[in-house]
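Make a model of the complete structure from these sequences and hints.
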Amino acid sequence: MDDKRTAFLDRVRMAVQDSEETRIAWSELLAPCDDSARLNAFAQRGPDEQQILLQTLVEQASLLHLQTHLCPTLDQAAQCIAEITLTSATEFTAEPALILHDHPLLRALPLHAQAAINHTPRHWTGNRDPEVRNRTLAASIGVTVADWAIAESATIVQMTRPGQPRSTSLVPSIHIAVLLLSHLTANLAEAYALVRREQNCDSWTLISGPSKTADIEAVMVHGAHGPKAMHLVVVTEPVNDAHAGFAVAS
Amino acid sequence: MPAATVTLFVQCLVDALYPEVGEAMVQVFDRLGVPLLYPEAQTCCGQPAYNSGHHREAEAAARRFIDLFEDAEAIVCPSGSCVAMVRRHYPELFAHQPIMRERALQVARKTFEFSEYLVDVLGVVDLGAAFSGIATYHDSCHLARTLGIREQPRQLLRHVQGLSLAEMNNSDACCGFGGTFSVNYPEISLALVDDKIDNILNSGADIVVGCDVSCLMNIRGRMSRRGENLRVLHLAQVLAGEERA
Amino acid sequence: MKLGQDGDYVAAAREGMGNPCLQGSLRSLQARYGKGALDVWKTLPDPNLRSRVKARRMQTLAHLDRVLELLSQGVEARGGQVFFADNAEAANGYILDLARKRGVKRVVKGKSMLSAEIGVDAVLEAEGIEVVETDLGEFIVQIAGSSASHIIAPCIHMDRRQIGRLFADKLGIPYSEDPPTLTQAARKALREKLLTADMGLTGCNIACAETGQISLVSNEGNIRMASTMPKLHVALMGMERVAATLEDQRELLQLLTQGAALQKLSTYVSFVGGPRRKGDPDGPEEFHLVIVDNGRSRILADPEFREVLACIRCGACLNICPVYGRIGGHAYHSPYSGPIGAVVTPLLHGINRHADLCKGETLCGACRDVCPVENDLPRMLVALRCKLAYGDPGWGVRPHNRLEALGFKIWGRIVGHSRLYAAMLTIARALQRPFVGRNGMIGPLPGLKNGWTAGRDLQPMAEQSFRERWRARQNNNPATADNSRETRHGR
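Residue numbers (my numbering), protein chains in the order written: chain A, 622 to 871; chain B, 210 to 454; chain C, 137 to 627.
Honestly, the hints are just simulated from the structure, not real lab data.
Predicted model only: the values in this text are computed from it and were never measured.
Incorrect hints may have been included.
Covered stretches of chain B (chain C as the covering partner; in silico rule of three or more C-beta atoms under 8 Å from a C-beta of chain C) [to be verified]:
hint, region
1, 225-234
2, 265-271
3, 310-318
4, 348-362
Quick reminder that beta carbons are idealized off the backbone N, C-alpha and C, glycines included.
This is the structure:
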């Protein structure tokens, strides 16, 4: 195995030996990106600018059939999630059911206070819980927390963590992502700076709306293999740091 | 200040098939009082060989061209593709021959396409020309993309009395000539020229104007076979007036 | 139609041109996306973005051995496994071996042109393993027994009626030609496969050496599914498809999604580099990155063609090429069609074998204008033609067309001697006379020139060439006789 690798890389090195004199240094090629400007822009963003970004997010989202819901408080966010649950049709499951990321922000939502969905089964994606896969398959709605969102492209950044698996935002027919307004970034470059600061991320995904395809005669259809519908619930007023979870806006 | 002498590089196709285009160019320069030279020994810039990959033959033609033209003050040609050949590809042909490469670069620096020379060098857009009709302009690939010349022909056409300009859809879509391509892959070439002609017809124009006789030959040849009556003219002919058309 | 086999470019082109569905689809596609991409580049906030990115690509390629080493170390640090495959056989052998060892019965695929290039599907199927394409367009061409005709929109050559009949036949659903209904049917059928497959086999859009991950781009979510639900995830990566840093990856990603479909971002971009953490309910238990050479190191070693490895497979060149726009993707007989296919296919699979791909374009340059990484494809096509003209031992090319070579040798003689040239004109003028029609043009001619005159009239030689007219003008006006110049060499 090692010999194969060595031979392969040797062949590649031989192929480019003519550029040894002219190419930039290895250290220059791998020079770390200076994120200070982007991180400052994010950290020092005032409420007015945040509102502008929110507006952009909502506009861009509508182009992608990403439904945005602005909820000032956690109470209203919980209410919103209940409404979505009640009004969404099921697709692969007989009955509605929720699967939620085990995230402090979701735990803090007063879902128990939503009488209308009292009988709707819900399951949390607790770390090392062997039931999660089956419960995910049986769920009609997956609920996650967006680590960040990007206004320019109506994108959410979703990191995979223990207790916050990938399939929650992928397998159920409907995906609801909850976002704290303070976690809204302007553009992809800013988001990448935050991802870089996060350092040890295993796998992560950028999600910009529900799944879609235009493979048949270029007619756009939403609902290919990922969720058919996606909702972004934006909690616009500040919350307790403990609820914000891993990525704190600072 | 007396105008620089222009050395005419007329293009092999103009020489053999469309001499009236060369004559029109001469007439325009005469009107402007530009002194002219014409090296009679000129033949071909080598483009057909170059594009087909026959670079040894192209190199020989390039050498000959450089020998013939390098003492010129300014070299002007009514063909965008030939000028692109000289400016872009001659230095490439001699990439590993420093002396020839330098000579090629010198020649390249003073080789101009006709409309480019009028507008950018002589600073003239109004030649006092007159020509009636509705013209649509075809952007030849090498002129538009390699040399970036799109506005100059249009500026000149806009100042022609009696002429109105109607843009066609996809004016810079390839006409399908491509040199030996048109002979080696005739069906594909035809599909492209038919698209071009449909766009020309849909523009409402009664004249199609271009700055490269290779394209015009292709368009005119297909139009003729299709029985279409539109006139196919080189910019020089429009600027020189009806008798050169 | 098998991929990689010799095919008749002209015949397949003719078929493409005669397919009204294909023609209509390509026309709409090109009107919107080709021109759209040009507009995007024109309005970029940083007008130097593409050249900067190109420069970074070339620098990355200049360090490719170390970049690949860094990438593989990163993947391994995450618990992933990396296999370096010299060629298709090695890659297929590794994947088959893995499939056998793990008892794989069903493989779900994310769109991967590299997988088509190496022919892995056939290898797995010969073993009795079910291979299911999950990208809707690829799924459709798979069950139709056809092949993709566009990098981004694989079944653009089929219309809804054909697809409706196909689904009625193969999926057993009632006939429908409604795209949402058909998409829904595929969604249901493929969900079952995605959730029960033993192995997900994907490509790799852009790997990142700095972070030891690959990134995968899709709108449908099938690639996310294929790389999350099965126990095994195997990612096939062309060795050049790697960015040095995450910042490089970001810039390439944005160029890719804009170039491909004018999107700021595709619906999904996922970053993976290793298997699931212990206890995760999803994510693969094993992640294998298969890095494939298969002729790429030879391209890398040739400075004339090295830049073609900067390609990010966005498909923008397909969306703007007038030739592709008429003939469609099947004429290229390769997973890589359009302008990029015309350059990369001969370089990977034989220049003589794919001579038509080298010669069958007009060199209009639209592809060069639209390429997000500023690849000069026309230059490389001319370089390929040069190899075909004279042969090239380094690339194993035989001179392709002796007759054409002879023709240009003769041409060279003629244009090298102005008296001979003038004599040839006179002869041609005499020979053409019987063929010039009443309309002043030459009509259909048999023989060599038939290529032109089959569909077009031919402009005849003028009775007097420009040179002759000029001379006459000088003779009539002796005062200007000085303006006539002989060459130094008197030729």
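Honestly, which of those hints from before does the structure not fit? Checked against the structure, the only hint that fails is number 3, while the rest are satisfied.
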